[in-house]
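Given the structure of chain E, go ahead and fit chain G onto it with the hints provided.
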Amino acid sequence: MAAYTHLDAHAQELLQDYRQLRPALEKLAQEAYEILRQALSQQGIYVTAIEYRVKAEASLAGKLELKGAKYKTIRNITDLVGIRVITSYSDDVDKVAAIAKRIFDVDWQQSVDKRKLHELNSFGYNSLHYICRMPSGDIPFELQMRTALQHVWSTLVHDTGYKSDVKIPQEYIRQFSRLAGMMELLDDEFSRLRLVLADYRRHIQSLVKSGQLDEVPLSADAFRNFLQLQPFDRLNKRIAAVNQAEIYPVSLMPFLRVLQSFGLETIGDVQHFIEENTEDAYQLAVSQLAITDLDILSASTALQNLCLVYALKQGRGREGIKAIYDAINGEDPANAMLADMVFEQASTLPFMNAKE
Amino acid sequence: MQTTIQEQEGNIIAILEGSLDTAAVPETETAMSPLLEATDKDVIIDCTDLKYICSGGLRIFLGVLKSTQEKGHQVFIKGISNDVRAVFAMTGFINLFKFK
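Top to bottom, those sequences are chains E and G. 1 is the number of the first residue of the first sequence in the working numbering; add one for each residue after it. 1 is the number of the first residue of the second sequence in the working numbering; add one for each residue after it.
Cut-off 16 Å, straight-line C-alpha distance, at most; resulting in silico cross-link-like pairs (EDC-like, lysine to aspartate or glutamate):
id, chain 1, residue 1, chain 2, residue 2
1, E, K72, E, D8
2, G, K98, E, D332
3, G, K98, E, D326
Keep in mind that the hints were calculated from the coordinates and are not lab data.
For reference, chain G alone in the conformation it holds in the complex:
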């Protein structure tokens, strides 16, 4: 699992590649911590190459969402695969996020 943080056009972007399974949760959470510290930016989570997401991964996304919304900004999920989208749908979290 690889996580890359970038800034582009005033947004902060996390690019996730691989499987966000239980084993990958701690390192991904640490890698995504800059998203929690960003105070004046919208957040984009690029899931184009994210193959799988577990409950721990959903919790990371929810943490980013809560933190970003508290600062008056938005979280967008980009390039999500059908399998990962299905997880968001069956857990009922799909309408919390905006998809690009």
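Only chain E is shown next, with the shape it has when bound in the complex:
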């Protein structure tokens, strides 16, 4: 244990109190961290990181050396336990703060919103600091909330020794401020983009729901929304009826790239693709399944057969069939065998002969 003999008697006394309090501080840090982590998770707030620490003895000694007289008792020092929440978006800092207010007792006299401390034309450390206590506790702790970009700025500035004893020339301080301004701009832009994208998703959802499918570009989001309408359900049930099969639910998202490879550009194109190929896809599926007693099918059966039929009707032949299997199963030489099998089965079906 370091002696810190350079400290005055009052500081020595506070340091001794800290040592005695240390186990309680450790316990508080873990409890507060865990309660906050759970509350954020329950509210569905994704944060980049939550970290906590108990102030190291050497760090406290340094603080007491500089301003020990300011603290009457050890409990006047509010950052012995620190928790930091780092969010991706600036909007989320306020959401985290709202949750913290609900689960902790916040000491408003001592809490600081550093985001509001700057003059309108100055930029710098942006972080929200609350001094909190557990509802049943009396030891204060500091909760810092900031975005990932604010965290990067703060960490890098700290690493450069910005707050060290050496006086930093004005021009360098200005450069730090410029960077802080840039980070603030980036934070705002990311938050704005998130809002724009959320609006776009809602817009696409409403277009899909209202049936305006030709206006919806074929993207992962749009296809996912379209699948909620169960567009392949009817054909799946019709195919399943051949062997009174049960339908096992699976994701159809792997087929998106197949549909895109066909040049389908909108959800409307996918709807037309279904309408134009349903009967032939049914015939192909029946030609495969009717000679078996297989009574379990994946929910991808309809879409798979639609894709196979479409490729054959487009004259893509065995290579086209193999490309579909490569896209949904991963490339495998055995896919050529499957392509041969499908090609042979399809060769007797009306749509193949009509082409010839």
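For chain G alone, kept in the frame of chain E given last:
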């Protein structure tokens, strides 16, 4: 129908030999139950000598897949014949499994 369970290189392996038809489903399901209990291993189902698979067999495979994926591991199917692969393809289950 014969089912052998082995552990090799940190994986649990089920070696299936014969025809997994409706009659063989109950005994195969029992024999493959250790695959459902494995908590920290990838599963390999060796189908090199599997000649046929019925719907009940597919259901066993799907049960193993679901259980293994829930534990964060993968199921690989090894040495599958063309006939059995065709069953996986026509039922649409082929893209659920990884093949070795």
